[in-house]
Amino acid sequence: MSRVMWPDHLLARSRLVRNIIGVMLEIFFMYGEDVEWQLRARQGGYRLVYCPHSKVWHKENASSGYKSPFVEYYGTRNSIWIVRRYYLWRLPVAVFFHLFRAGCRILTDKWQQAAAVLRGIFSGVTANSVL
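Numbered by my numbering, the letters in the sequence shown go through residues 2 to 132 in order.
Derived by calculation from the structure, the hints in this document are not laboratory data.
If you're wondering where the values come from, they're calculated on a predicted model, not measured in any experiment.
Among the hints, a few may not be true.
[As the list claims (entries may be wrong)] Across the chosen pairs, the derived CB separations fall in these ranges: (1) 21 <-> 104: 34 to 44 Å; (2) 54 <-> 116: 27 to 37 Å; (3) 19 <-> 51: 12 to 22 Å; (4) 24 <-> 55: 19 to 29 Å; (5) 89 <-> 21: 17 to 27 Å; (6) 46 <-> 109: 42 to 52 Å; (7) 24 <-> 53: 21 to 31 Å; (8) 46 <-> 110: 44 to 54 Å; (9) 129 <-> 55: 13 to 23 Å.
[To be verified] List of simulated lysine to aspartate or glutamate pairs, DMTMM-like, C-alpha gap at most 25 Å: (10) 68 <-> 34; (11) 68 <-> 110; (12) 56 <-> 35; (13) 68 <-> 35.
Even glycine gets a Cβ: it sits at the ideal position worked out from N, Cα and C.
Between the sequences and the hints, there should be enough to build the whole structure, so can you do that?
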């Protein structure tokens, strides 16, 4: 097993860990809830590891649609929430990154996706519920 910053999914969740760091926050709804939970685990003193020989089959965005406005909004909003909660000093960089993403969507005539990214930025920066 190897140490990692944060894996895509944390499969081994014991009752003891849940009692100490809590469950995944429902406010994240989709996209980022696992990363936030794992950051809390790291703050609680847990090491995150992965088994490089394990196999997982997962169809990307099977239920929500690849890069749909839905995915763009929640992915953007939640990533900004994570930055605000754990890396506040990086917030300007995160906002700039997502503004750049919105610009890329505009340049490729993906107006709905661009609008969703901009809404996600606004919601992520202005919401008080994650602090």
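Quick rundown of the hints versus the structure:
no.	hint	result
1	21 <-> 104: 34 to 44 Å	holds, 42 Å
2	54 <-> 116: 27 to 37 Å	violated, 43 Å
3	19 <-> 51: 12 to 22 Å	holds, 20 Å
4	24 <-> 55: 19 to 29 Å	holds, 23 Å
5	89 <-> 21: 17 to 27 Å	holds, 24 Å
6	46 <-> 109: 42 to 52 Å	holds, 44 Å
7	24 <-> 53: 21 to 31 Å	holds, 27 Å
8	46 <-> 110: 44 to 54 Å	holds, 48 Å
9	129 <-> 55: 13 to 23 Å	violated, 39 Å
10	68 <-> 34	holds, 18 Å
11	68 <-> 110	holds, 13 Å
12	56 <-> 35	holds, 18 Å
13	68 <-> 35	holds, 19 Å
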